[in-house]
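In terms of our numbering, the sequence shown has 127 at position 11, counting the first letter as 1, and numbering is strictly consecutive.
Take every hint as true, because none was put in to throw you off.
Simulated restraints, written as ranges between beta carbons of each label pair:
#, residue 1, residue 2, range
1, ARG256, LEU195, 17 to 23 Å
2, HIS272, ARG164, 15 to 21 Å
3, SER240, ALA153, 43 to 49 Å
4, ARG225, ALA146, 16 to 22 Å
5, TRP165, ASP186, 31 to 37 Å
6, LYS194, ALA274, 21 to 27 Å
7, ARG225, LYS194, 25 to 31 Å
8, SER240, LYS212, 24 to 30 Å
9, PHE190, GLU258, 18 to 24 Å
Below 30 Å or equal to it, Euclidean Cα-Cα: the simulated DSSO-like pairs (lysine-lysine) are:
#, residue 1, residue 2
10, LYS254, LYS162
11, LYS194, LYS221
12, LYS162, LYS241
13, LYS194, LYS241
14, LYS212, LYS162
15, LYS254, LYS221
16, LYS254, LYS212
17, LYS221, LYS162
18, LYS194, LYS212
19, LYS241, LYS212
20, LYS194, LYS254
21, LYS194, LYS162
Hints are computed from structural coordinates only; laboratory data are not their basis. Even glycine gets a Cβ: it sits at the ideal position worked out from N, Cα and C.
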Amino acid sequence: MHSFQWCGLQVQRYFYLGFPKISYGEVYLALSYLPTAERLTISALKLRWFFKVDKTERTDALLTFTFFHDGRRFYQQKLDPVQILDAVKDKECEMKTIVTSSVPKDDIRNINLHIGFNIYLSISKESINCGSIVLGEKTRFEVDWTRMIDQPRQVHNAWYPLYG
Numbered sequence: 117m118h119s120f121q122w123c124g125l126q127v128q129r130y131f132y133l134g135f136p137k138i139s140y141g142e143v144y145l146a147l148s149y150l151p152t153a154e155r156l157t158i159s160a161l162k163l164r165w166f167f168k169v170d171k172t173e174r175t176d177a178l179l180t181f182t183f184f185h186d187g188r189r190f191y192q193q194k195l196d197p198v199q200i201l202d203a204v205k206d207k208e209c210e211m212k213t214i215v216t217s218s219v220p221k222d223d224i225r226n227i228n229l230h231i232g233f234n235i236y237l238s239i240s241k242e243s244i245n246c247g248s249i250v251l252g253e254k255t256r257f258e259v260d261w262t263r264m265i266d267q268p269r270q271v272h273n274a275w276y277p278l279y280g
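I would like the entire structure built from these sequences, with the hints used as guidance.
Okay, structure coming up:
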C-alpha cells in the first residue's frame with residue numbers, strides 16, 4: 117500500500133503483486149458471437165471441482181452473468197441454482213444454460229462480462245460470494261475474448277477457473 121496527498125486529499129493506492137491463487141472450481145463455457153445478427157451467446161455447460169464445506173447442509177451454486185459496456189451495466193441474468201453433491205469433486209455437474217444478449221458489432225470490443233459465483237446454504241439461508249470470472253479486453257482471459265471476436269460464427273469452448 118502506498119499513501120500520498122492529491123488535491124488536499126489523502127489517497128491510498130494498493131498494489132497487487134499477482135492474481136489470486138485460490139480456485140473455487142471451474143465453469144465450462146461456450147462463447148460465440150454472430151455479427152450479422154448482433155447476438156452474443158454464452159453457454160454455461162458444466163461445473164467441476166467444487167467442494168462442500170458442511171456435509172450436513174444442502175449447498176446450491178448460483179451463477180450471475182452481468183454484461184458491462186464501457187463500465188456501465190446493461191444486462192444481468194441469474195441462472196437457476198445447481199445443487200452441489202458430496203461427490204461433485206470427483207465428477208462434473210451439467211448445467212446447460214444459455215445466456216444471450218444483443219450487442220452491436222461496433223461495440224463488441226467495449227463489452228466486459230462478469231460471471232459471479234455464489235454459494236447458497238439452505239439451512240442457514242446464507243448466500244456467500246466465492247469467486248468470479250471477468251471476460252473481455254484487458255482482462256485475464258483477453259485471448260479467449262479476442263479469438264471469439266476474430267473468429268465469429270464459431271463456438272469457443274474452455275474451462276474457466278473461479279478465483280476468489
